[in-house]
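> In order, the protein sequence lines correspond to chains A, Z and L.
Under numbering that gives the first Met the number 0, the residue at position 43 of the first sequence is numbered 42, and the numbers go up by one with no gaps.
Under numbering that gives the first Met the number 0, the residue at position 18 of the second sequence is numbered 17, and the numbers go up by one with no gaps.
Under numbering that gives the first Met the number 0, the residue at position 70 of the third sequence is numbered 69, and the numbers go up by one with no gaps.
These aren't lab readings, by the way, just hints derived from the structure by calculation.
A virtual CB, placed ideally from N, CA and C, is assigned to each residue, including glycine.
A portion of the hints provided could be inaccurate.
[Claimed, not checked] With a cut-off of at most 27 Å between alpha-carbon atoms, the simulated DSS-like pairs for lysine-lysine come out as follows:
#1 75(Z) / 66(A)
#2 75(Z) / 25(Z)
#3 26(A) / 116(L)
[Unchecked claim] Some but not every residue of chain L turned toward chain A, in silico, with C-beta under 7 Å:
#4 240
#5 243
#6 301
#7 302
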Amino acid sequence: MKFLKESDLPAFLEHLSGEAAVVAPAKVDGMVRFLPWSPGTEVELEALLARQSAKEFIFPQWETFLKFRYLMVCDAKRPGTTEDAKMELRLSEEGEGGGEVVAVPAPAAHELLMVGAEQQAVSQVIFGLRPCDARGFVQMDRVFGGYGGFYFDPYYHARRSVATLLVVSCHEPRSTCFCRGVGGGPADAEGADVLFTRVPEGFVAQAFSDKGAAVLQYPGFEEVSEPQVAAAEQSKARAEEMVSVPFELESLREGLRANFESADWQELSRRCISCGTCTYVCPNCYCFNVTDEVVETQGERLRSWDNCFNPSYTLEASGHNPRDAKPSRFRNRFNHKFWYYPEKYDSLLCSGCGRCITYCPTRIDIREVLSVMGGNETRAAGQAAGGAGAADGQVAADAKVGGDAADGEESQHGR
Amino acid sequence: MVASAQNKEAGSAAVSEGVVQGRPIKVVAILCNWCSYAGADGAGTARLSQPHDFRIVRVPCTGRVDPLLVFKAFEKGADGVLISGCHPGDCHYSEGNYYARRKFELLRRMVPHLGIEPERFHYTWVSASEAARWQEVVTTFVTGVAELGPREGRAL
Amino acid sequence: MSDRQAIIRELAREALAEGRIDCFVGWGPGYDGSQVIPVFAKDAAEVEELQWNPLCHHNLTMFLKRKMAEPADARIGVCVKGCDSRTLVALLQEGLVDRERLYIVGVPCDGVIDRRKIDREFAAEVVEVGVNGDTVVARTAAGAEKHFDRPALLLDQCAACRFPNPRVADDIAGDTVPEPEGEPVWPALEEFESLSPAEKDGLLAAVFSSCIRCFACIHACPVCYCWDQCVNRSRTPALVGQRVETPENLMFQLVHIFHVAGRCPSCGACDRACPVEIPLYLLHQKMNKELYDMLGFEAGVNVDDRPALQAFNLDDPFGQG
Numbered sequence: 000m001k002f003l004k005e006s007d008l009p010a011f012l013e014h015l016s017g018e019a020a021v022v023a024p025a026k027v028d029g030m031v032r033f034l035p036w037s038p039g040t041e042v043e044l045e046a047l048l049a050r051q052s053a054k055e056f057i058f059p060q061w062e063t064f065l066k067f068r069y070l071m072v073c074d075a076k077r078p079g080t081t082e083d084a085k086m087e088l089r090l091s092e093e094g095e096g097g098g099e100v101v102a103v104p105a106p107a108a109h110e111l112l113m114v115g116a117e118q119q120a121v122s123q124v125i126f127g128l129r130p131c132d133a134r135g136f137v138q139m140d141r142v143f144g145g146y147g148g149f150y151f152d153p154y155y156h157a158r159r160s161v162a163t164l165l166v167v168s169c170h171e172p173r174s175t176c177f178c179r180g181v182g183g184g185p186a187d188a189e190g191a192d193v194l195f196t197r198v199p200e201g202f203v204a205q206a207f208s209d210k211g212a213a214v215l216q217y218p219g220f221e222e223v224s225e226p227q228v229a230a231a232e233q234s235k236a237r238a239e240e241m242v243s244v245p246f247e248l249e250s251l252r253e254g255l256r257a258n259f260e261s262a263d264w265q266e267l268s269r270r271c272i273s274c275g276t277c278t279y280v281c282p283n284c285y286c287f288n289v290t291d292e293v294v295e296t297q298g299e300r301l302r303s304w305d306n307c308f309n310p311s312y313t314l315e316a317s318g319h320n321p322r323d324a325k326p327s328r329f330r331n332r333f334n335h336k337f338w339y340y341p342e343k344y345d346s347l348l349c350s351g352c353g354r355c356i357t358y359c360p361t362r363i364d365i366r367e368v369l370s371v372m373g374g375n376e377t378r379a380a381g382q383a384a385g386g387a388g389a390a391d392g393q394v395a396a397d398a399k400v401g402g403d404a405a406d407g408e409e410s411q412h413g414r
Numbered sequence: 000m001v002a003s004a005q006n007k008e009a010g011s012a013a014v015s016e017g018v019v020q021g022r023p024i025k026v027v028a029i030l031c032n033w034c035s036y037a038g039a040d041g042a043g044t045a046r047l048s049q050p051h052d053f054r055i056v057r058v059p060c061t062g063r064v065d066p067l068l069v070f071k072a073f074e075k076g077a078d079g080v081l082i083s084g085c086h087p088g089d090c091h092y093s094e095g096n097y098y099a100r101r102k103f104e105l106l107r108r109m110v111p112h113l114g115i116e117p118e119r120f121h122y123t124w125v126s127a128s129e130a131a132r133w134q135e136v137v138t139t140f141v142t143g144v145a146e147l148g149p150r151e152g153r154a155l
Numbered sequence: 000m001s002d003r004q005a006i007i008r009e010l011a012r013e014a015l016a017e018g019r020i021d022c023f024v025g026w027g028p029g030y031d032g033s034q035v036i037p038v039f040a041k042d043a044a045e046v047e048e049l050q051w052n053p054l055c056h057h058n059l060t061m062f063l064k065r066k067m068a069e070p071a072d073a074r075i076g077v078c079v080k081g082c083d084s085r086t087l088v089a090l091l092q093e094g095l096v097d098r099e100r101l102y103i104v105g106v107p108c109d110g111v112i113d114r115r116k117i118d119r120e121f122a123a124e125v126v127e128v129g130v131n132g133d134t135v136v137a138r139t140a141a142g143a144e145k146h147f148d149r150p151a152l153l154l155d156q157c158a159a160c161r162f163p164n165p166r167v168a169d170d171i172a173g174d175t176v177p178e179p180e181g182e183p184v185w186p187a188l189e190e191f192e193s194l195s196p197a198e199k200d201g202l203l204a205a206v207f208s209s210c211i212r213c214f215a216c217i218h219a220c221p222v223c224y225c226w227d228q229c230v231n232r233s234r235t236p237a238l239v240g241q242r243v244e245t246p247e248n249l250m251f252q253l254v255h256i257f258h259v260a261g262r263c264p265s266c267g268a269c270d271r272a273c274p275v276e277i278p279l280y281l282l283h284q285k286m287n288k289e290l291y292d293m294l295g296f297e298a299g300v301n302v303d304d305r306p307a308l309q310a311f312n313l314d315d316p317f318g319q320g
């Protein structure tokens, strides 16, 4: 472990930017987002979560796989006839009358598809990730292969292998955080090359990989002191206490399986407007489309993010759409993350960041959905699932919205 | 289609340079089949000289023209877009251009709002018998766009 | 305000109890004391969750076109503020919803709080918002608290609102509020309109490079009723491609905006739904400003009108050039 002074952070990032493109959370127009960092950019670490995860830096929202051009090389018919064009070759010249002349067929018209593959990857250092963001990469790693999965994706791998993930543990989890509920935590190091924990005047830094150890070689790091280590542990413990565990994991997969045909999916998805915000802000949603965009005889093959709420997510070429109905698409997302993926990879496809709750236009709450459909709570009107400070899924404390003080206390439970 | 300098001598009306800053300007002209396209055709038959750097898209009626097509043309690299249809009252389909008139007016007002110079979009009415008017309309428009040069916008 | 809430509950309760409706769509509590969500009440217990307060920003009309689980012949009760009612009027103008199957509870509105204005004042998350008259109190989980003047927190568009009372309703939740008089004004556009074309282009390019094409704006828009068959998703032919960057992103938004021209009252549901806070009002308010300038037209005001671009006058004074 080492210690980095807060005031040395800009110099540290500048040092890293000598060898790699640095990405860090920054506040622009009141919004915190992961953005390319350059000297002078202020890193925003007060706000807990950047609006989107940093997955777009390793798994971009769109990328070009390859470019292609189609060429017709020559015309194989003699103009004006249906006769194959022939080339006449004078093979030899011997005196008057010439030598033998042999007619040979012209080369057949052929089509040439010229393909240029694109696979450049720039070294990146992503600083300021939270444990849930970093964990998202580990979850996607399993899918894109090279890490024990079924399929190896060279495009993902090209970026992932040259990316260094510097995680800063959480000081004040949000009420929508539930990382502990999915096997993570606000100071978890899964996926981190280095884990930074904020302490007075700086950060305690611990490496968890060779890449991380190399980062800690930077001369600006100081020896860490006992009180600093203790302060880091305290900060982590305090943050852990603030994160709720809104549902039981044990019964989740079986509950989802048992509830597959339940009418409750219709109820829970009522206010869903079937956009794609939750999947796009999620650190580990990875579904994608591959499309060819062609103009006349040239084009590009693109990969772009898809989302399972997209009404045409499962639209087939025949026109049939197995998930035509909104509740079935809604159900699919939760099943994918908490049943199908775990069945293949023995891990959840959710890191509990809560962005899907915060940015959903109608505030669909994944914790509520899983509490109900995961089979460990019977749904009753007005019952809440999770909330600020609740340590074990108890009903949220009374909350008041609106009304005049003269009306007296009106307690409303979150749904 | 690059207008060559020698046509400058040949034409009576002013003909645009065509090549500006090393690349030809691209103007898309959306013409209704019954009036404006016929009018343009008439201009061609009468050998009235016209700029060379516009391409015509023929539609049955300006009522069919979605304003989004104009934005799409700009997005894909058009430097100017011109729409021409039958005169209001003379639409081959009776009412198409009455609807179009409102859409195009809204479109005209929105174009500068997107950072596109207003001179890059124009809508008008040219009838089948107005070959000379077509020559004037298209020459004026394309010359104006050529003076502005290729469009350099990044938003659209 | 709270008696409007009581009236809404009363009306919903009666309508359900009397079997006049199958489901009542209103606003209710979200996951914490600062959030409001759309609520679908089908019995007396669920009616007790219905709320009315300045955080009730959703335009509930968005659910009326094919987004609800109910069968097509179900009877639906719905709460609408002034701006919401205009989108409902727009749907009625086109015959897209069956008036006979709707029970409309109109809610006269004093203005909706812009949640973003509160959130910007805190580094940590706001978990509770209470409104006492003209004072708004916002609190974080750690207990940090700030007081605000309610008028200062309202959505920018509320300051220029000309239709705070519902334009169509079966019952009204309480007394109507005074209707502003005079011509519409567009203060939110002033700054943008003062920019040069190059500056506008630069600003739009910067703003639309943030778009993540999530479709929240389109799906939250009540008059974007194609929603699950939106042409923005079409591949053959492709109007908009899969590159998520300008100019495609702006083209995407222009499809949305232009398709609702004449039916959009600038209710702002799209602005509020956007997860990356793109100022969509720069486009739809400008469009509506021009329609007003051209034709004196305001969308969704009278059920018997036709949307401006679906009608014409023989002497429309356009295209003289």
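> All hints, please: hold or fail.
Going through the hints against the structure:
Between residue 75(Z) and residue 66(A), the direct Cα distance comes to roughly 18 Å. Compliance with the 27 Å bound is thereby established for this hinted pair. Between the alpha carbons of residue 75(Z) and residue 25(Z) the distance comes to roughly 10 Å, so the proposed pair stays at or under 27 Å and holds. Our distance criterion of 27 Å between C-alpha atoms is met by residue 26(A) and residue 116(L), whose separation comes to about 15 Å. Contact between residue 240(L) and chain A, as hinted, is supported at the beta carbon level, the nearest pair being about 5 Å apart and thus within 7 Å.
With its C-beta approaching chain A no nearer than about 5 Å, residue 243(L) sits inside the 7 Å limit, and its interface hint holds. The beta carbon of residue 301(L) comes no nearer than 28 Å to any beta carbon in chain A, farther than 7 Å, and the hint placing it at the interface is violated. Annotation: interface hint on residue 302(L) violated; nearest CB of chain A at approximately 25 Å, more than 7 Å.
Taken one by one, the earlier hints fail for this structure at numbers 6, 7, listed in ascending order.
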